[in-house]
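Start from the sequences, fold in the hints, and give me the full structure.
If you want the building blocks of each chain, they are given just below.
There are 2 protein chains.
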Amino acid sequence: MPSTQPARGMRDFLPADLRRRAFVIDVIARVYQRYGFEPLETPAVENIETLLGKYGEEGNQLIFKILKRGEHAASGQADLALRYDLTVPLARVVAEHRATLPKFFKRYQIQPVWRADRPARGRFREFYQCDVDAIGSTSLMVEAELCAAASEALTTLGFADFSIRLNHRAVLDGMLSAAGVVAGQHGDALVALDKLDKIGRDGVLKEFEARGLAPDSGERLLDLLARIAEAQASSLADPNGAALHLLAEFVGTHEAGLRGLAELRDLLALAPATAAAAHLRIDPSLARGLSYYTGAIVEIAVPDLAGSLGGGGRYDGLVGMFLEKGAQIPACGFSLGLERIIVVMTERGMFPASLAGSSADVMVTVWNADARAASLALAHDLRAAGLRVDVYPEADKLGKQMKYAASRDIPVAAILGDDEVATGMVAVKDLRSGAQVTVPRADVAAHVRGVVALPA
Amino acid sequence: MPSTQPARGMRDFLPADLRRRAFVIDVIARVYQRYGFEPLETPAVENIETLLGKYGEEGNQLIFKILKRGEHAASGQADLALRYDLTVPLARVVAEHRATLPKFFKRYQIQPVWRADRPARGRFREFYQCDVDAIGSTSLMVEAELCAAASEALTTLGFADFSIRLNHRAVLDGMLSAAGVVAGQHGDALVALDKLDKIGRDGVLKEFEARGLAPDSGERLLDLLARIAEAQASSLADPNGAALHLLAEFVGTHEAGLRGLAELRDLLALAPATAAAAHLRIDPSLARGLSYYTGAIVEIAVPDLAGSLGGGGRYDGLVGMFLEKGAQIPACGFSLGLERIIVVMTERGMFPASLAGSSADVMVTVWNADARAASLALAHDLRAAGLRVDVYPEADKLGKQMKYAASRDIPVAAILGDDEVATGMVAVKDLRSGAQVTVPRADVAAHVRGVVALPA
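Chains A and B supply the protein sequences, listed in that same order. The first sequence runs 7 to 462 under this note's numbering. The second sequence runs 7 to 462 under this note's numbering.
Be aware that one or more of the hints could be misleading.
As the list claims (entries may be wrong) - Derived pair list, reagent style BS3-like, types lysine-lysine, alpha-carbon separation capped at 30 Å: (1) A:Lys409 to B:Lys109; (2) B:Lys109 to A:Lys403; (3) A:Lys109 to A:Lys409; (4) B:Lys109 to B:Lys409; (5) B:Lys212 to B:Lys201; (6) B:Lys331 to A:Lys109; (7) B:Lys331 to A:Lys406; (8) A:Lys109 to B:Lys403; (9) A:Lys331 to B:Lys406; (10) B:Lys409 to A:Lys109; (11) A:Lys212 to A:Lys201; (12) A:Lys74 to B:Lys74; (13) B:Lys109 to A:Lys406.
To be verified - Sample of chain A residues with no beta-carbon within 12 Å of chain B, all distances over it, derived: (14) Asp194; (15) Leu202; (16) Gly218; (17) Asp322; (18) Met356.
To be verified - Not close to chain A: a few residues of chain B, all C-beta gaps over 12 Å, as computed: (19) Gly206; (20) Ala248; (21) Gly355; (22) Lys406.
Calculated directly from the structure, the hints in this document are not laboratory data. Since the model is a prediction, treat every value here as computed from it, not as a measurement. Even glycine gets a Cβ: it sits at the ideal position worked out from N, Cα and C.
Take a look at the structure:
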């Protein structure tokens, strides 16, 4: 007998879960549409070479691989794999359709991704990403609009206290160079720095040593981050200005670093006009794990969640990996994590009470076998009037039928007995108050609407 | 350089495709909700033993298998697999949650499934099923409600000419027994009979021979089917009655066959009260491929499509395969195929013209680098007024920006030049008529609504 549980790290979503998920997805999709983004969906399964080499070494390890079929089935070879994120498939689609897509292609995509991570509290092997990306422009207006769209999605869901941590890969390059890390070791240094939240200053220094990086480079970087955090705390009127000032001092004349700082300044100047307004906060410790980012990077934090509600950044090189050598298409995007949003909204009680409602407005009872068609006909008419109608499927005793309706929180029962069928009447019972009235068949829908307080 | 195409048999859905898909899914989901069904979703990935042995030999072969991870990765062993249909996962969920689910659990589920079939025109390796199932009752009212819900979904989409082919596994048993096929060979005979549409009378007889079935049994069955088809054609007032009459004659005293015929009669008596009314048509040649059906079986046909728009039936034994020995939970369900519905609707031009609209109501232009924040602020205000707003991301020449808006079918441009910013005015251009007016900033949203003909 097979297990009845879902596979490890995967989840079944029962109706109450799905109503919450659908509510969040609907809010996010509508906001993205108001920002001019269009829907896109890609297959769950990709050719394996589409995914390999895009996410860094750790990402490669977490890709679910699908057995090749046919004559080689016994070889254990994999030629397909499950989608790991929504960004690489987007890059593939943009490369495939670049001749027909608009010059500036703005898409949103809300679909599951799969990662063979060790399951843990809040970490699943199948989870939804809500991505929004703009392809085709290097303008900072793209970053501004994306931060605004993500902010407005969160604000519409009821979040007020989130901050968008903001950094830039070129600024990180400038910081690392100024601290004495050679270009070939920037990746290693970023991986170490990325863990500061989790392993602290001493842990990062140990990581530096383990990866063969000069410890004094690590100390200079950590001192800088501490100094900036202190300056931000004591410059509450302009913490971003304080951070940018110290960063400029530190990177000196590093060309990419200066360009990155100029872009951050530009983005901060555009933000007040948008829904992202007060949420942007320069955070030079933000590194982002994925290897494909090339410019501004962001991550959304709320005080009561370790980890982020979402993140993103600019990745001007990724689409080019699917194009003839040297071709480039700029791109920038943002991903919100559906599961984490739902965790926080659930803990804070942010979902509207209306989501907890019943699955039906009224249940039609069944008097006996001969009356089944009459009950089905009444249900048909009530549905035609727009009501959500359940029909009790068996000719059980009426008390048992009523008990079932109450257990399902169905607010009204429409009772069709022999007398009612003969006289063209229906008994309508309000299951919350117990009040029962007998009304002409044609008036049942209106009467149910009255009891349930639905608009006519 | 990896290929930019999706994996074989899989598809990318661009915005125009997705609008059509979302339209169909939304109609179907709303109808199912009116019938009292609740949403359910299950993971794309199942433990492999959950799926194996549920679909018959051919089905087993078409399951996509996922490589086991960790120490055994090199062995080529598979421990997970992609969902093959939505029915077996539902049976697993019902078995897992039977203590807390309502006694009658009615769920709909609209998700993709994966089959490693040979791709062909209209046959994909990833496709959506729209399933609706009722668990917990053996009453024929369940079949009647399911046929009604599927019929109403199709009618609401604009289909009028579909028929629901109806048969019963017990009637098929009775037919086969009466024709001299021994019980152990019923499965083989059904597989052969199922191909009548494709390979004709002679082909079915050859299949009978190849499978070691007595040829005269095949001839008696085919003669019966021909006689019934003839009787239906000449009894247009009551083709179902004519078919049932001949079937009753043929199965004689076969107990299961008689019970099956009684159930078909009962279902036909309930149907006129429902949305399925005139659509049900007894078809004794209908067999259905999947092995888990135990009672009534149905398939929906339209004249201009080879194959079906959907199908289903009763499967009282499937949930029990996940329960302690001997435990049984009755179940019955219907699955509509999203892709085939879309194929027919597209060929017949059944989609509303409104789906072809633009992704934005208005595009805000950008005068120069200094004016970017002003354009973002205007976009912000127009979105707050409920409009879908695109912002041109770069300070290109105005003509180029206008050309872009026109190429995207965006009906209105909001132009903010230096003069406009200085005077608090905005130039609003109707890109279809070319008419341009300058209005106060606060009136832009209302003006755009007027041009686009949106409700205030």
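- Message: Over 12 Å from every CB of chain A: does B:Gly355 meet that, or does the non-interface label fail?
- Response: Answer for B:Gly355: holds, closest chain A Cβ roughly 22 Å.
- Message: Please check whether the beta-carbon of B:Gly206 is more than 12 Å away from every beta-carbon in chain A.
- Response: 30 Å, holds
- Query: Would the pair A:Lys109 and B:Lys403 pass a check requiring their Cα atoms to be no farther apart than 30 Å?
  - Reply: 15 Å, holds
- Query: A:Lys212 and A:Lys201: Cα distance at most 30 Å?
  - Reply: Holds. A:Lys212 to A:Lys201 sits at ~11 Å (cutoff 30 Å).
- For B:Lys406, is the shortest beta carbon distance to chain A beyond 12 Å? 10 Å, violated
- A:Gly218 clear of chain B by more than 12 Å, beta carbon to beta carbon? Holds, because the least Cβ-Cβ distance between A:Gly218 and chain B comes to about 29 Å, which exceeds 12 Å.
- Query: Under the criterion that the straight-line Cα-Cα distance not exceed 30 Å, is the pair B:Lys109, A:Lys403 satisfied?
  - Reply: 15 Å, holds
- Message: Tell me if the straight-line CA distance from A:Lys331 to B:Lys406 falls inside 30 Å.
- Response: Distance ~29 Å between A:Lys331 and B:Lys406 Cα, so the pair holds.
- Message: For A:Lys74 and B:Lys74, compute the direct alpha-carbon distance and say whether it is at most 30 Å.
- Response: 13 Å, holds
- Query: If you draw a straight line from the CA of B:Lys109 to the CA of B:Lys409, is it 30 Å or shorter?
  - Reply: With Cα atoms ~60 Å apart, B:Lys109 and B:Lys409 exceed 30 Å; violated.
- Can we confirm that no CB of chain A comes within 12 Å of the CB of B:Ala248? Answer for B:Ala248: holds, closest chain A Cβ roughly 22 Å.
- Measure nothing beyond the straight line between the CA atoms of B:Lys212 and B:Lys201; if it is 30 Å or shorter, mark the hint as holding. 11 Å, holds
Comparing the model with each numbered hint stated earlier shows that hints 3, 4, 6, 22 do not hold.
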